[in-house]
Amino acid sequence: DVKVTQSSRYLVKRTGEKVFLECVQDMDHENMFWYRQDPGLGLRLIYFSYDVKMKEKGDIPEGYSVSREKKERFSLILESASTNQTSMYLCASNSGATYEQYFGPGTRLTVT
Amino acid sequence: AQTVTQSQPEMSVQEAETVTLSCTYDTSESNYYLFWYKQPPSRQMILVIRQEAYKQQNATENRFSVNFQKAAKSFSLKISDSQLGDTAMYFCAFGMYSGGGADGLTFGKGTHLIIQP
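Each protein sequence line maps, in turn, to chains A and L.
Residues in the first sequence are numbered consecutively from 1, following the working numbering.
Residues in the second sequence are numbered consecutively from 1001, following the working numbering.
Chain A extracted, bound-state conformation:
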């Protein structure tokens, strides 16, 4: 079974802090994704990566950056956290052979 893990289930940070959300997948998938989930808005794509050190902006990249130094790991970085970044963050991965994405359990981030 594909397993996608995220470093924290719950995280509380203060405004202005630098925040790192980590995601690791164990199925050698080429593609990895970060989504943000808000009530009534569904999931929105922040960034994605199709290879090590490669990244592409999604629909809402402002205020975020990403890093992919190893194939299995994809990090989401909030350079200076703000209260409007309080949300659920979901990581996903897939291979080009199957298209469906496999999701991690999510990190609920609260910025105070």
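Source of the hints: derived by calculation from the structure; they are not laboratory data.
Please read these numbers as outputs of a predicted model, since none were measured by experiment.
Some hints here could point you the wrong way.
[What the hints assert, rightly or not] Calculated pairs, DSSO-like style, for lysine-lysine (alpha carbon to alpha carbon, straight line, at most 27 Å):
id, chain 1, residue 1, chain 2, residue 2
1, A, K53, A, K70
2, A, K55, L, K1109
3, L, K1055, L, K1073
4, A, K57, A, K13
5, A, K3, L, K1109
6, A, K71, A, K53
7, A, K18, A, K57
8, L, K1078, L, K1109
9, L, K1109, A, K57
Dock chain L against chain A, hints included.
Coordinates of chain L only, in the frame set by chain A:
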């Protein structure tokens, strides 16, 4: 850009009933994938069913089936013999065939399905 619309924010049915969740989408692409994902209270997103646009036959997975109408750009999910464990948020999602799956999915806003005992 693609859009996905789920017009039912919340639905409630009795256990053992059949329920249909609606999804429409808009795209100019001819080759694509459609998915239904389930997110129970545990928050883990689980793939329920997938449909390739080039396939005319509707996908089926046990109690879950879809009604895919390509011309109408409609992709509804039918759950037969609903069970308490089916209570969850259900998301319809669109994926482009081009790009080898490297593009992100476009999600609807979700339907909260409640199965009553």
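These are the hints, each one checked on the structure:
1. A:K53 <-> A:K70: holds (8 Å)
2. A:K55 <-> L:K1109: At roughly 25 Å apart (the allowed maximum being 27 Å), K1109 of chain L and K55 of chain A satisfy the hint.
3. L:K1055 <-> L:K1073: Holds, at about 14 Å.
4. A:K57 <-> A:K13: holds (24 Å)
5. A:K3 <-> L:K1109: The given pair, whose Cα atoms are some 25 Å apart, holds under the 27 Å limit.
6. A:K71 <-> A:K53: holds (9 Å)
7. A:K18 <-> A:K57: Roughly 20 Å separates the two Cα atoms, so the pair holds.
8. L:K1078 <-> L:K1109: holds (18 Å)
9. L:K1109 <-> A:K57: This hinted pair holds, its Cα atoms lying about 21 Å apart.
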